Each structure stands twice: as C-alpha cells, then as structure tokens.
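Once you've looked at the hints, dock chains B, C and D against the given chain A.
Protein chains: 4
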Amino acid sequence: MMTLAEIRDFLDHHFPQLKASGRFTVEELRPLGARRRATYHEDQIRPGGTISGPTMMTLADVALYVTVVAAIGPVALAVTTNLNINFLRRPGPRDLLAECRLLKLGKRLAVGEVLILSDGEDEPVAHVTGTYSIPPG
Amino acid sequence: MMTLAEIRDFLDHHFPQLKASGRFTVEELRPLGARRRATYHEDQIRPGGTISGPTMMTLADVALYVTVVAAIGPVALAVTTNLNINFLRRPGPRDLLAECRLLKLGKRLAVGEVLILSDGEDEPVAHVTGTYSIPPG
Amino acid sequence: MMTLAEIRDFLDHHFPQLKASGRFTVEELRPLGARRRATYHEDQIRPGGTISGPTMMTLADVALYVTVVAAIGPVALAVTTNLNINFLRRPGPRDLLAECRLLKLGKRLAVGEVLILSDGEDEPVAHVTGTYSIPPG
Amino acid sequence: MMTLAEIRDFLDHHFPQLKASGRFTVEELRPLGARRRATYHEDQIRPGGTISGPTMMTLADVALYVTVVAAIGPVALAVTTNLNINFLRRPGPRDLLAECRLLKLGKRLAVGEVLILSDGEDEPVAHVTGTYSIPPG
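Protein chains in written order, with the numbering used here: chain A, 1 to 137; chain B, 1 to 137; chain C, 1 to 137; chain D, 1 to 137.
If we strip away everything but chain A, and leave its shape as in the complex, we get (with noise of 0.2 angstroms):
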C-alpha cells in the first residue's frame, strides 16, 4: 500500500490542475479507506447559497480514485465506469469532507462508496458510489 506522501506526490503529478486549484487534500488514507477535504470557496456556490454538485462529484470520485491507486499502486490509467450520486441535504458554506471505503477491490474492477459531510456536521450531504476499471497489469 502507498503512503499519504506517496499518494500525494502521485497526484501532483498526475492532475495538475487539481493541484493548482489548491482546494483538494487527502486528509488520512486507510487500508481500502481514506478522507479528502474540499476547503470552502465561494466559487463553489450555485443558486441558493449551496455548493455546486460537481464540485462534489469532483471530490468524491478523486478520494474513490485516489483509494484504488494507494491499494493496488501507482497506476495511473485506473479509469472510472460508473458513477452514482444523491444529493441529500444543501451543504453550508463550509468545507467539505469525503469519507471513502472499498467494497471490492478485484482484479478488473473495484466498487466503493463516499459518504460527503459538511466539516463539522452529522448528517451526510451526498453518496456516492463508484466503479473503477483496473488495467490488465
């Protein structure tokens, strides 16, 4: 398993521009887990005062993505399939917290699920689920 500064590296790398945003970080990686912050910016916001949903798709699908890589290593051509999301409460202008966990890690594929909480709140603001297709190694 890779460590956080690995994973960190391996994503600076790779996606650039997420780095230039300086807005995503991975907070903690677990064995088939791990948490990504979004820090809180108003370019965010939509109608209503609430962050936008691709913000979170954004969000979520990178801490799935990121959880793969640290589990099977630096592979950088893992590709998203599948994606589902529901929106669940309008998130607050705050930061934003993915709690993500595998639920099958094979060899073609790996299933996961994000849970998106506004920092310091109970109540989930968005799941996620997400399939990621494994190149053949």
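These are computed hints drawn from the structure, not numbers from a lab. Please read all numbers here as calculations on a predicted model, not as lab measurements. Some clues are possibly wrong.
Given that identical chains are not distinguished, each listed pair holds provided it fits within a single copy or across any two copies.
To be verified - SDA-like, lysine to any residue: derived pairs with alpha carbons at most 20 angstroms apart:
hint, residue 1, residue 2
1, Lys19, Val75
2, Lys107, Gly33
3, Lys104, Leu88
4, Lys19, Asp95
5, Lys107, Arg90
6, Lys107, Met1
Then chains B, C and D, alone, in the frame of chain A:
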C-alpha cells in the same frame, strides 16, 4: 417555454462561474431537450490524455438543469437529487457535446438522460441520467 | 414508528405475493434501519450457481420500502423512484441478509442504502441505494 | 451474432425458472439491440395497482443480458455488475415492453440502456442502464 436567449441570460445571472470559465454554451433548446457544448481546453485533461470525468458530469448536469428550467420557467431552486454516469470511451482532445432529453417532467420530479459525444464522432463517450426536484410552485 | 409486528402485517396485507413466496422476512426494525432475510431456494439460481440479481434487487427494494414505511406510517403509496445496485461478489447457496439504513428522510423524498450479505460471511455481495417518493400527507 | 431461435434456446436452457414462469419473451433481436416482453399477470401487482419494480428490473436485466450474449456468443457467465433504474410513471395493467440497445461493447465490459414501455403507450414507464462484465475469452 423559455427561449435560448432567455436561458443563456438565466445561466449567466445564476451561475457566474460557468460564464467566467468561458467553456460551456447552450447551443440548442428543443421542447424537453437541449444540446450543450464544452469547449476543449487542456486544463480538463487527466492521465492518459482524456478529458476528466468531472468535466463530463458538469456538462451533463447543467444540460439537464437547463432543459428542466426552460420547461418550467426560471426557477433557480430546482436541485439535482440523483445523477448516474457511465463512462463509455475515452474522449479525444476535442469539444464535447451533450445531447439531452427529459424522460419525465412531473410536478415534483423531472428525469432526463444525456448522451455525451466527442464533436465529430458517432460513438458516445458517456451516458448520464439525472433527477431534479422541482420546488412547490 | 411502527413495530415489527405492525410492519409484517402491513406487508402481508399489501404484498400478498411476497407472503405467498414464503421467502422474505423482516428480521429487525431499528430507527431508520432494518434487516431483511431472503431464504435460500434453488429457484433463485442463475448460470454459474449464483443467486439471481433480481432476487437481490427485490430483497433490497422491499427492505428500504419497509424502513421508510415504518418511519412515516403505513402509507402504501410511497413509490421507488430510483434504485442503483452494484453487484460485488457471487453469493453462495445460502440465505441473503439485507442491512439497510436511511440516509435521508425528508418530506418528499427518502434515500437509503443497503448492504447485501451472504449469511455467515463478512464481505458484501451487493450494495444498493434507493430513493422513495413520499405522497403529500 | 446469434439468431432469435438460438438466444431463446440459450435462455430456456440456462434460466429454466424464467421459462417456467411463462411470462417473458424475447420478441426481436437486432445488432446490439433487442425487444423483450413481460406478459401482464396480476401476481406482479403492488399497492396502487401498478406493476412491481422488481418485475421491471428483471425484464430489463435479462433484456440487456440477452443482447450482450447475442453479440458475444453463448457465454453464460457474463454477469451484471451495475444496474440503475429510474421509475418514471406507474404502468397500467398491461404487458410491458423493454426496448434495449448497447451503448458500448468492449472486451471486458458492455454497457446498455433500456426503455420500458406499457404496451400501446408512448411514454416510458422506466429507464434502465446496466453494465455487464465479460469473462476473459
């Protein structure tokens, strides 16, 4: 039904960041359908040279949102409740087109689907379904 | 909240075919959660010796429905609007357990998730999310 | 590509319970598409007089499976990895038709969509997407 000019004004007003990005355009509005373009830009690229999933999710989500709003009137508070995306092929370095149509326009929920295509190619790069909750009138 | 006995009576009354099948039991009811069992029967088998996907979808859908109805009262007309299932592992020839919990219980929509397990095993065989539309009171 | 007669024999052989139910028929097979019928029967009814969700999920899942198998040859071990269904309208007491087409037929994954219609009506009652994992040749 709102006109194409009206829907563009509505988006510019309610989603200033989309306007600022200069990359997304509603090209066509039909009864219960729309076409939206994402101009190619290298910032969207992820490892393997393909356009990022979040770019496609944003493109589809707003295409559906616009189609719902055009049908029900300028209600900025319609919200996405579910979005499901299947990534089918790696798009090349060119514009993406989202062709969307509503499958249901009810009083409380609207459901639609989107095919995302690389401009100039026939095979879809992604398929999206989305559900939108419509606030009580 | 309805009791386990009340929810079983409700299901027997409104879903006589489920009762007739003799295969599904609500085992436990918690605030915003439930466990439901599908007794193993060789009719559910599909090629490869695994239990059919539709058996798992039925198990999860009714588990979520029951949890929503237990929370809001005996409203037979709540309806599923979306169901998403990821099949993770082939279940063996044994009972299936659905562990479900609601992620949101709103006035108009309820959203929940279900882990489906083979009785006696730790790794989930499927993960389901479902959305239910609640009729105006 | 397999013929309609071949695909019917394949299903009868591998899914004897479907045959025993006497309710499902593959009506038409096209390159990367198929139409499948579920004969109306009052057993499928749920509260509110509508056909049950699991009946629709079964109809769509097997319609997609059949289309994949017809395209790749009689490989009984292709398996569903993801199925997402949006229920759009309550179907009346009549046959259901599933019109399906594949959006992608890759070496490892096939993805398709299904529109489910009440026989004789224009508006779809449900929309389904499904993903199938194809075993190594």
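Evaluate Lys107 and Met1 at a C-alpha cut-off of 20 angstroms and name the case that applies: within, between, both or neither. within (16 angstroms within a copy, 29 angstroms between copies)
At most 20 angstroms between C-alpha atoms: does Lys19 with Val75 qualify within a copy, between copies, both, or neither? Cα proximity of Lys19 and Val75: one copy only (19 angstroms, versus 35 angstroms across).
Intra- versus inter-subunit Cα pairing at 20 angstroms for Lys104 with Leu88: For Lys104 and Leu88, only the inter-copy Cα distance (6 angstroms) is at most 20 angstroms; the intra-copy one is 24 angstroms.
Since the copies are identical, ignore which copy is meant and state whether Lys107 and Gly33 lie within 20 angstroms (CA to CA) inside a copy, between copies, both or neither. So Lys107 and Gly33 pass the 20 angstroms test inside one copy only (18 angstroms; across, 29 angstroms).
Within, between, both or neither, where Lys107 and Arg90 count as close if Cα-Cα is 20 angstroms or less: between (37 angstroms within a copy, 15 angstroms between copies)
As a check of your reading, is Lys19 near Asp95 (CA-CA no more than 20 angstroms) within one copy, between copies, both or neither? Result: close within a single copy only, 17 angstroms intra versus 24 angstroms inter.
In terms of the numbered hints stated before, the structure departs from none.
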